[in-house]
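Participant: If you read the sequence shown in numbering that gives the first Met the number 0, its first letter stands for residue 0, the second for the next number, and so on.
Think of the hints as simulated: they come from the structure by calculation, not from any bench. Since we're looking at a predicted model, the values are computed, not measured. Certain hints may be false.
To be verified - Simulated restraints, written as ranges between beta carbons of each label pair: (1) 57 / 350: 33 to 43 Å; (2) 345 / 314: 42 to 52 Å; (3) 174 / 56: 22 to 32 Å; (4) 121 / 366: 22 to 32 Å.
All C-beta atoms in this analysis are idealised placements derived from N, C-alpha and C, irrespective of residue type, glycine included.
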Amino acid sequence: MWKIVFPGIAMIGITYAFARYSFGLFLPEISKTLQLTESQAGYVGFAAYAAYTLALLSSPLLIKHFSARKAVLLSGLTAMAGMLGMAGAQGFITLFISAFVAGTGSGWISPAFSQVAAASFSRQQQEKGNTWINTGTSFGLVFTGVVAVIFPEHWRWSYVMFAVLAFLVYQWNAAIVEEKRVPAVKKTQRVPLRKLLLQARWMISASAGIGFISAVYWTFSRSYLTIVHGMSSHESIMFWMVMGSAGIIGGIAGGVIRFLGLHRSYQWGTLTLTISLIALTVPSFPSIYISGILFGISFIFMTGLFIVWGTRQFPSFPSLGVSISFFSLGMGQAAGSLAAGRLIESFSYPAAFILFSIAGCFLLLMKTTILQNRR
């Protein structure tokens, strides 16, 4: 199992932490260099999220008609190309386009690896393998923080380095992940799209909601620390690394879900994520770092939970369930990134984070019922 899990962790780190979420880490320096407004920064964040959601829409077809292996490798290539574009961006438009390209791979990679896990692991290993592969984001966040410390204001060279690492991880996955096509879906197994969406309506709603409230943190948390709390660039990077390190703990999601059940695990994860948003608004270093730790753990935990939820919802084609769940998550993040930028411009950073945490409280009421097709 671990022969596939380790390169999977690395590829998730490349496509999520490097290609998508590192924008939030480097946002203060990027904004200063390219003279971006808060709204423009929100639009760049939106570009990555939009690419992510569009890629998720195509991922089941890509995996079915080609293979999960090809989807994995294509994810690495788009991440590498997008990061090279970001390294050379000369203004808002080129940064927007490059962020879009970089974000595409993150939409293909999770469904692809869920299908690789289904084909390569035993049923008992699948949830454990999937949730540990998902921790690649956290490992990647820690690494991006280290790079930012070594090259504090050289965000362009940082993206060049990330692109080089993306190429190496691409080669690793090419050597390990085997070519396995998805079996053809029988006509009797086909279900109208509307019926599929109705079956997964609770998963879709929960995923979109968590995506929405988490977007403000991913895009604007570091700017919040430097602008509102007066942290230095080095201190805010250390915060980012603490947050990423804590996320590794989220890899226990598979075991927690087996112990507590899906519903209780969802409620605890959502509550922890909501508390992390409000904790960032408290002007004290202990509260700020507690916020980062709680967010790191809860976000990776919740994305792992959605992978498990998706594979349970559609056990015969797990990548479809993960695609639907993560598509909803991405749509929520795209909307959340835009809304957060507007709220910060219109009101303030604290007001935006408080409003997003209030929204998180309503998500605690969500059901986690898995509805299966009835013939």
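Participant: A separate judgement is required for each hint: does it hold in the structure or not?
Facilitator: Consistency of the hints with the structure:
In this structure the hint that residue 57 and residue 350 lie 33 to 43 Å apart at CB holds, the actual value being about 37 Å. As the Cβ distance of residue 345 to residue 314 is approximately 45 Å, the hint placing it in 42 to 52 Å holds. Our hint of 22 to 32 Å for residue 174 and residue 56 holds, since their Cβ atoms are close to 29 Å apart. Evaluation of the 22 to 32 Å hint for residue 121 and residue 366 yields a pass: the beta carbon distance comes to about 30 Å.
Going down the numbered hints, you'll see the structure goes against none, and every one checks out.
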